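Using the sequences plus the hints, can you model the full thing?
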Amino acid sequence: MQIGVVGLGLIGGSMAKAIKKYTSHSVFGCDMNEAVLSQALADGSIDGLLTDDAVSDCDMLLAALYPAAVVSYIQEHLERFSAGTTIVDLCGVKRAVMEPVGKLALPEGVTYIGGHPMAGMEKSGYANAKAELFQGASMILVPQDEKNTAFYEAEEFFLSLGFGRVKVTTAQEHDRVIAFTSQLAHVVSSAYVLSPTSLEHYGFSAGSYKDMTRVARLNETMWTELFLDNREALSEELDGIIERLSFYREVIADGDREALFAKLREGRERKEGIDSYENS
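Residue numbers (our numbering): 1 to 280.
Misleading hints may appear alongside valid ones.
In silico DSBU-like links for lysine-lysine, alpha-carbon gap of 35 Å or less [to be verified]:
| id | residue 1 | residue 2 |
| --- | --- | --- |
| 1 | LYS147 | LYS21 |
| 2 | LYS271 | LYS130 |
| 3 | LYS167 | LYS263 |
| 4 | LYS123 | LYS20 |
| 5 | LYS167 | LYS103 |
| 6 | LYS123 | LYS103 |
| 7 | LYS167 | LYS21 |
| 8 | LYS263 | LYS130 |
| 9 | LYS123 | LYS271 |
| 10 | LYS147 | LYS167 |
FRET-style restraints, in silico, Cβ to Cβ [to be verified]:
| id | residue 1 | residue 2 | range |
| --- | --- | --- | --- |
| 11 | GLY48 | ASP211 | 19 to 27 Å |
| 12 | GLU132 | TYR192 | 28 to 36 Å |
| 13 | MET32 | ILE252 | 47 to 55 Å |
| 14 | LEU264 | GLY136 | 27 to 35 Å |
| 15 | SER72 | LEU260 | 44 to 52 Å |
| 16 | ILE242 | LEU78 | 38 to 46 Å |
| 17 | SER280 | GLY48 | 23 to 31 Å |
| 18 | GLU156 | ILE242 | 38 to 46 Å |
| 19 | LEU106 | ARG270 | 37 to 45 Å |
| 20 | ASN33 | ALA68 | 44 to 52 Å |
| 21 | MET32 | GLU122 | 17 to 25 Å |
| 22 | ARG214 | GLU269 | 20 to 28 Å |
| 23 | LEU106 | ILE242 | 36 to 44 Å |
| 24 | GLU132 | ARG268 | 27 to 35 Å |
Hints in this document: simulated from the structure, not taken from any laboratory. A quick note: this is a predicted structure, and the numbers were derived from the prediction, not measured. Even for Gly, the Cβ is constructed at its ideal location relative to N, Cα and C.
Here it is as structure tokens:
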């Protein structure tokens, strides 16, 4: 296949590198940063530039841009897509992308699928991209319409890059769950590290501090857009954690040993149950 990758940041760059390492497909890429394009060409992550003309020759197009930019790219290139092309966006939210794309008149024979690779790191950009990023990770796919041959081919394609599983869901369910599994964690990490005590932690911190603060090194441009695109689901999760933290604050301030013990035990048992299920 000839595969186009739009945006060669951490995810797009890693996709390009994984395709070149684990498959025999050709990769053509585009990025606003000329230095990134030059580096990707030099290290063999892409075979050539994804020009407007090259878009028409792509069997698959992976859009690794911010949500609004993905919608704009697809809209601006509608006349370039050829029958048989599969477009997969790689955004961290789905409704904000899939709903506006669903209103576009894609050419007949073009399949659009929402996607979200559940892999990443606290550092962004092509300089941190690596072919091994997706090994064993989950790839979420959201069909826009009924599953077709192109959808099943996309499943096989992502598995060939090292993903451990493909999770098929809806845009609504994706955004609801991702608000908890990803977005809430980034908000909490950012809020946690903003404590004045963080400036005095040297010599007092170990694994717990590192685990809690790792994703505070986020890309604020991207995460601001993702949070606001999913504001309803994320606000509900924030309401929930604020309520639970308020309970801890109250029982600790009151010295209520029994209530605190019971809540801590409930949390431990919940985590043990989750781990048992995941390891089964």
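Okay, the hints, checked on the actual structure:
Distance restraint check for LYS147 and LYS21: the Cα-Cα separation of roughly 28 Å lies within the 35 Å cut-off, and the hinted pair is therefore satisfied. Distance restraint check for LYS271 and LYS130: the Cα-Cα separation of roughly 31 Å lies within the 35 Å cut-off, and the hinted pair is therefore satisfied. The suggested pairing of LYS167 with LYS263 holds, with an alpha-carbon distance near 32 Å, which does not exceed 35 Å. Straight-line distance between C-alpha atoms of LYS123 and LYS20 comes to about 22 Å, which keeps the hinted pair within the 35 Å bound.
The straight-line distance between the Cα atoms of LYS167 and LYS103 is roughly 25 Å, inside the 35 Å bound, and the hint therefore holds. Pair hint LYS123 plus LYS103 holds up; C-alpha atoms about 34 Å apart against a cutoff of 35 Å. A threshold of 35 Å between alpha carbons decides the hint, and for LYS167 with LYS21 the separation of about 23 Å falls inside it, so the pair holds. Straight-line distance between C-alpha atoms of LYS263 and LYS130 comes to about 41 Å, which puts the hinted pair past the 35 Å bound.
With a C-alpha separation of about 28 Å, the suggested pairing of LYS123 with LYS271 holds against the 35 Å cut-off. Taken as a hint, the LYS147 and LYS167 pair is honoured in the structure, with Cα atoms around 13 Å apart against an allowance of 35 Å. Separation of GLY48 from ASP211 is about 41 Å and departs from the stated range, judged on CB atoms against 19 to 27 Å. About 29 Å separates the C-beta atoms of GLU132 and TYR192, a value consistent with the hinted range of 28 to 36 Å.
The hinted window of 47 to 55 Å between MET32 and ILE252 holds, with their beta carbons roughly 49 Å apart. The supplied range of 27 to 35 Å is met by LEU264 and GLY136, whose beta-carbon atoms lie about 31 Å from each other. Checked against the hint of 44 to 52 Å, the pair SER72 and LEU260 passes, with Cβ atoms roughly 51 Å apart. Taking the beta carbon of each, ILE242 and LEU78 are about 43 Å apart, inside 38 to 46 Å as hinted.
Under the hint 23 to 31 Å, the C-beta atoms of SER280 and GLY48, about 46 Å apart, miss the expected range. A hinted range of 38 to 46 Å for the beta carbons of GLU156 and ILE242 is consistent with their spacing of about 43 Å. Here the CB-CB span from LEU106 to ARG270 is close to 43 Å, well matched to the stated 37 to 45 Å. The supplied range of 44 to 52 Å is broken by ASN33 and ALA68, whose beta-carbon atoms lie about 18 Å from each other.
Between MET32 and GLU122 the CB atoms are about 22 Å apart, so this pair conforms to the stated range of 17 to 25 Å. About 26 Å separates the C-beta atoms of ARG214 and GLU269, a value consistent with the hinted range of 20 to 28 Å. Checked against the given bound of 36 to 44 Å, the beta carbons of LEU106 and ILE242, roughly 42 Å apart, stay inside it. The hint said 27 to 35 Å for the Cβ distance between GLU132 and ARG268, and at roughly 33 Å that hint holds.
Hint compliance for this structure: hints 8, 11, 17, 20 are broken, all remaining hints hold.
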